[in-house]
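Participant: Below, each chain spelled out in residue letters.
Protein chains: 2
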Amino acid sequence: MTEVEAKKPQESLQDRLAQVVELLHRQKIVEDLAYRQGIGQPQELIDNLEHRQNLVELQRKLEALHPADVAYILEALPLDDRLTVWQLVKSERDGDILLEVSDAVRETLIADMDDHEILAAAKDLDADELADLAAELPRDVVHELMETLDAQQRERVRSALSYEEDQVGALMDFEMVTIREDVSLEVVLRYLRRLKELPGHTDKLFVVDYDGVLKGVLPIKRLLVNDPEKQVAEVMANDPVTFHPDEDAYEAAQAFERYDLVSTPVVDKGGKLIGRLTIDEMVDLIREESESEVLNMAGLREEEDIFASVWKSLRNRWAWLALNLITAFVASRVIGLFDGSIEKLVALAALMPIVAGIGGNSGNQTITMIVRAMALDQMGTGNGFRLLRKEAGVGLLNGLIWGGVIGLVVYWLYGSWSLGVVMTAAMTLNLLLAALMGVLIPVTLARMGRDPALGSSVMITAVTDSGGFFIFLGLATLFLL
Amino acid sequence: MTEVEAKKPQESLQDRLAQVVELLHRQKIVEDLAYRQGIGQPQELIDNLEHRQNLVELQRKLEALHPADVAYILEALPLDDRLTVWQLVKSERDGDILLEVSDAVRETLIADMDDHEILAAAKDLDADELADLAAELPRDVVHELMETLDAQQRERVRSALSYEEDQVGALMDFEMVTIREDVSLEVVLRYLRRLKELPGHTDKLFVVDYDGVLKGVLPIKRLLVNDPEKQVAEVMANDPVTFHPDEDAYEAAQAFERYDLVSTPVVDKGGKLIGRLTIDEMVDLIREESESEVLNMAGLREEEDIFASVWKSLRNRWAWLALNLITAFVASRVIGLFDGSIEKLVALAALMPIVAGIGGNSGNQTITMIVRAMALDQMGTGNGFRLLRKEAGVGLLNGLIWGGVIGLVVYWLYGSWSLGVVMTAAMTLNLLLAALMGVLIPVTLARMGRDPALGSSVMITAVTDSGGFFIFLGLATLFLL
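Quick mapping for you: the protein sequence lines, in order, are chains Z and R.
Each residue of the first sequence is one higher than the one before, starting from 1 at the first, in full-length UniProt numbering.
Each residue of the second sequence is one higher than the one before, starting from 1 at the first, in full-length UniProt numbering.
Quick caveat, the hints were computed from the structure, so don't treat them as lab data.
Given the structure is predicted, the values throughout are model-derived calculations rather than measurements.
Please note that a few of the clues may not be correct.
Any copy, or any two copies together, can satisfy a pair, since identical chains are not distinguished.
As the list claims (entries may be wrong) - Okay, derived cross-link-like pairs now, DSSO-like style, lysine-lysine, Cα gap no bigger than 27 Å in a straight line:
hint	residue 1	residue 2
1	215	196
2	312	344
3	196	272
4	312	215
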């Protein structure tokens, strides 16, 4: 990737987006006009002066933008406008921009490119960047790309592709400056001056021996403040944070966050330096992790291009809806068990959703707490029982307080003390159930080796719905009828 | 803050936590024993050899840890163990550790310190770090602290405190290396060597004129690869990304993410350099933002210490529960309107939660999409109508598909075609309502200048619950009875 120095935007991103949209609209009016005047044929349209001027102005605007800003604009445009802009972008910038857009939008852009264009876009990318894109490129294009690479680069792409998406190996890059420990800082400074430029996020140089085994790191800060006569070995940090390529990338990201790192070496089992992790990749990972948490909680399978077709959106959303439908159906059957009771006392039908709803809300509060504690590794040191006790306490108190309030309201509305008491009791029991399951569900999912965040919200709601209906209607049947 | 070089942990964090917990438990057994043997008095206990050995080992373990790791362990311990560990931490590290823990845990630690200890912990902190802690420290301690500072430091703390938590000014630090543009790189290198150490995250030096106005930045990378004879002015970047102290900090974080920045200057209206933003603060902010989104979606007011008392948890959670109770009550009243219909056809009571539940789930999917698009500034360029149309399309299709499936199941269960058709129609209408409100609620909240994420999930559920009951029971009353 050719590194682009970010410049202070003269206008905010929204302003620049608005300008592009404005130009696109002007463009459409011109096309419309040309079409109505009967000069809608491609050649004639291109001859149209105003049309051409518009395109030139748009292209000029796009050229002044950082690839990440172009990516942002592409994300914010509906498909037809998005492709108009995409075609105006200079082909040598295509690769950098493809790296910046979301997966969903990248798919729409690649679908619009022919093999030749894809090859041109990919040819200036680094091995790790190629590996990032490879999964979404046509298979024969990837094959052709690999042939153009030298042996080292090809090996690097293969290596990056051999790791799972969530492993350190898939996120590392290979742009590193390595030095020897038995030279002076002066020599290092002279060596750096011979390089045309340093890789982005170079806050430390990696010290390796003749076999490529990592001996330590030389922070640039130390290089700058120490006497140039000193040897690297005297100044370097001997025991830096390192990662293995098969480690969990998210744990690496947490280490970056915890220790305020900018870059770290990645070494293999033998201690040989094979790559580097940088903070920019880690920030993206942190962002993605928390986004997927939000998406999963809302029952979306993955990130969705906001202008995705109705059909694509359906596919992204159907799984959770179907699951929800099944759990709602189960809850419905639970109610069906008490048909007779509801016929005798129709107020039960109106009150039962309150019991179920509060249980779901409270259960989700508990589960969010627990999932978060698990994500931060704060669980699993025998704290489970203590947390269960606390959550049960919260549930009990909430049940007595809010159940009591609702019980009074029910008495006031329906004039029946016993109905009020049943309501209070049902709410308290359902909140206790919510607390219990709010702790047990994520803990059990984790024990089974599954992601405790994924689907736990749907499960707790299923339990508190069916459970709430059963508890309330059951108590009412026992004590009121 | 004294900078601590992060070292590669020999064991994972969990292992180290487990070791501390193990030592704490051993400790407790000794205390128990001592108590049972009647030597439970403080002085006698301290004389107990085993007890003392344990404490020494624990202290040794803690000393070897990075402040962030000690913070992690404090977060993961129940209150009594947490305070035992906290008292063992050397007082000169207290300040650094306080900066690393979450607000909720920080409160418990500060509550355990007397004024003298707080003063000792805070005295080595930088101005921006002091400002971070100030809100949670006792007022008279802050006053006393301010008196110990020199005029410049005091001014900086005041300045940092004068900004809102979500403004750039509250997050900037003041540790910067500034240089002049009319010197050679050689001079800069010599100047740096005279400094004992460089501030963390120094990836660029700030070039200022004699009035302190920012002229550009000199990336360290350029300093290292360019000929030392060159002037700073030839090599520096003239047009760097800068921020004003009153800008939104989250937008700054997005710029860091987008442009892969490590540090940026903060300038006042006149272009004068007043501070610096660094990636570590931005990462924390990104993490906090997405966490508060998750917490709000789940109906938690703020981050909660997992070992918070039941009482504290109640306070953190009651507001959303109360709101939920009110919306559930409204839905209950809607059902109450159709008492007569349910009495005649009790199947309605069992089926109505399905309609409401699916509407809520689908509405939450839509709202999450829209809120996300708004957070990324992808809305507001006349896309609203287009999105509404798409979401309505998704809702319509989902209604016909899943409503059709449920309609068939209802026919099979209850043997009534008309009940099945009413079910399908109600589900379709409620999904359309969910799509409509899923777009309108966040857009309206944003127009009113409110955070569209906050509470929109509760609102959509309220609408789809009450709306779903009304639509289903209304259709049934019209067509079936």
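Participant: Now, for every hint given, state plainly whether the structure supports it.
Facilitator: Evaluation of the provided hints:
no. : hint        : result
1   : 215 <-> 196 : both (25 Å within a copy, 25 Å between copies)
2   : 312 <-> 344 : neither (47 Å within a copy, 42 Å between copies)
3   : 196 <-> 272 : within (26 Å within a copy, 32 Å between copies)
4   : 312 <-> 215 : neither (50 Å within a copy, 50 Å between copies)
Checked against the numbered hints listed earlier, the structure breaks hints 2, 4; every other hint is satisfied.
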